[in-house]
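**Q** Quick note, the sequences are listed as chains A and B, same order. The numbering of the first sequence is the numbering used here, which starts it at 745 and goes up by one. The numbering of the second sequence is the numbering used here, which starts it at 2 and goes up by one.
Think of the hints as simulated: they come from the structure by calculation, not from any bench. Please read these numbers as outputs of a predicted model, since none were measured by experiment. Glycine included, C-beta positions come from ideal geometry on N, C-alpha and C. It is possible that some hints are incorrect.
Reference listing, derived: stretches of chain B covered by chain A, where coverage requires no fewer than 3 residues with Cβ under 8 Å from a Cβ of chain A [unchecked claim]:
no., stretch
1, 43-50
2, 63-75
Residues from chain A that face chain B, not an exhaustive set, calculated with beta carbons under 7 Å [unchecked claim]:
no., residue
3, Tyr783
4, Glu786
5, Ala797
6, Phe837
7, Gly849
8, Thr850
9, Arg851
10, Leu852
11, Ala856
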Amino acid sequence: GNSVTQMEGPVTLSEEAFLTINCTYTATGYPSLFWYVQYPGEGLQLLLKATKADDKGSNKGFEATYRKETTSFHLEKGSVQVSDSAVYFCALFTSGTYKYIFGTGTRLKVLA
Amino acid sequence: NAGVTQTPKFRILKIGQSMTLQCAQDMNHNYMYWYRQDPGMGLKLIYYSVGAGITDKGEVPNGYNVSRSTTEDFPLRLELAAPSQTSVYFCASSSVEGQPQHFGDGTRLSIL
């Protein structure tokens, strides 16, 4: 079945460091891919998405490229801020299933 | 701009009690979902609905029931609360299949 695998956290970085959070997936067909962010005490918010191979999603300085050859959708940011501290979820959707599959989440801590 | 509204935000139940978690969205979305989030486990789908009058089971439906009598509302019912149902519950909606989901802020439920 479909699945999403994320790197385990927590990831601890200093402010202005480069961020990569790895996400790989297993899916039949051509899934849509998403990154969501969850701040403490809140629900998930969409960060970015990509719907086909080689698409790059971007938002608030975060980027991720849909790589079909490596079945990956890694999240990157060039310079993190303390306010980026949150839990990040990778997710996929395959047409006809009605269901979204989420990874287990990666907690990011950014230190001043 | 309310989006997805969940009530209550917090609740403590005794074993064997019942309760209904409320979820309402004002975006006229057809697709609605209930998830539970356990620490380090990501999101598990409990039930989903593709429109008023249509519901289906997700990964972990045992111990829960849902109804969808209107487009706006998608309540989740726990009939006989058990400690294993202690979790954070999120409701989400999307406009059409495969579009990003909008999440509520969650209901934190403890069963003692």
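**Q** Now tell me if each hint is right for this structure.
**A** The hints, checked one at a time:
1. Coverage of the stretch 43-50 of chain B by chain A holds. Counting CB-CB distances below 8 Å, 4 residues qualify, and the rule asks for three or more.
2. As drawn, the stretch 63-75 of chain B meets chain A at 0 residues by the rule of a beta-carbon pair under 8 Å; below three, the given contact is violated.
3. With a least beta-carbon distance of about 10 Å to chain B, the hint placing A:Tyr783 at the interface is violated under the 7 Å criterion.
4. Residue-level restraint check for A:Glu786 holds (minimum Cβ-Cβ distance to chain B is 6 Å; threshold 7 Å).
5. The interface hint given for A:Ala797 is broken, as the beta carbon of that residue sits about 16 Å from the closest beta carbon of chain B, more than 7 Å.
6. Interface restraint check for A:Phe837: the shortest CB-CB distance to chain B comes to about 5 Å, inside 7 Å, so the restraint holds.
7. For A:Gly849, the interface hint holds, the least distance from its beta-carbon to any beta-carbon of chain B being 6 Å, beneath 7 Å.
8. Look at A:Thr850: its Cβ only gets to about 10 Å from chain B, farther than 7 Å, so that hint breaks.
9. For A:Arg851, the suggested interface contact is broken, since its CB lies about 9 Å from the closest CB of chain B, more than 7 Å.
10. Taking 7 Å as the C-beta contact cut-off toward chain B, the hint placing A:Leu852 at the interface is violated, the least distance being around 15 Å.
11. Look at A:Ala856: its Cβ only gets to about 26 Å from chain B, farther than 7 Å, so that hint breaks.
In the structure shown, a violation is registered for the earlier hints numbered 2, 3, 5, 8, 9, 10 and 11, in ascending order.
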